[in-house]
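Colleague: FYI, in our numbering the residues of the sequence shown are 4 to 114.
Treat each hint with caution, since some may be false.
Said to hold, decoys possible - Here are the in silico distance ranges between beta carbons for each label pair:
1. Val-26 x Ala-77: 16 to 26 angstroms
2. Tyr-104 x Asp-78: 32 to 42 angstroms
3. Ala-18 x Val-90: 15 to 25 angstroms
4. Gln-93 x Ser-47: 18 to 28 angstroms
5. Gly-76 x Ala-7: 31 to 41 angstroms
6. Glu-30 x Tyr-104: 39 to 49 angstroms
7. Ala-6 x Glu-85: 33 to 43 angstroms
8. Asp-27 x Lys-99: 30 to 40 angstroms
9. Arg-52 x Ala-18: 15 to 25 angstroms
10. Gly-8 x Asp-78: 36 to 46 angstroms
11. Gly-105 x Asp-73: 28 to 38 angstroms
12. Thr-86 x Ala-19: 18 to 28 angstroms
13. Glu-54 x Ala-7: 17 to 27 angstroms
To be verified - Here are the simulated lysine-lysine pairs, DSSO-like style, with alpha carbons at most 30 angstroms apart:
14. Lys-99 x Lys-25
15. Lys-22 x Lys-99
16. Lys-99 x Lys-21
Simulated from the structure, these hints should not be mistaken for lab results.
What you are looking at is a predicted structure, and each value in this text was computed from that prediction instead of being measured.
Even for Gly, the Cβ is constructed at its ideal location relative to N, Cα and C.
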Amino acid sequence: MTAAGRAAEADERLAACKKYMKVDYDEDDELIAGLMQANDAYLSGAGVRREINPAQHDLIVQAMTLQMYDARGADTPQQALETVPPVVRQMLNQLKLRCNYGGADDGGTSG
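Please take these sequences and the hints and turn them into a complete structure.
Modeller: Dropping the structure here:
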């Protein structure tokens with residue numbers, strides 16, 4: 004992918020994340036993009052590759068970004084983690100298993 008293609012994809016992902024977060028102003032774009040990059044890096048370090056299921060990966064990144072954005076005022080990391088929805092953890096585990104062991108791309112259970 005070219006640099007222009009990567010920039011366009013990043014802009015598209017940022018716009019989708021802001022829509023998910025219900026943020027309709029641009030003042031926090033740099034912060035949100037940074038949180039998204041941190042979440043992408045976290046997932047990559049956890050063995051989760053976006054190319055396995057981009058839609059599910061992006062939804063996890065959006066949910067994690069919203070949680071981090073909303074928890075900016077938390078006093079401790081534990082307080083921030085208390086609000087992570089269980090469904091996000093479940094989706095992360097499912098995608099991680101698919102990255103490590105393969106699986107169906109159609110949502111089915113067979114590979």
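Colleague: Okay, which hints does this one fail, numbers in order?
Modeller: Nothing - there is no hint that the structure violates, so all of them hold.
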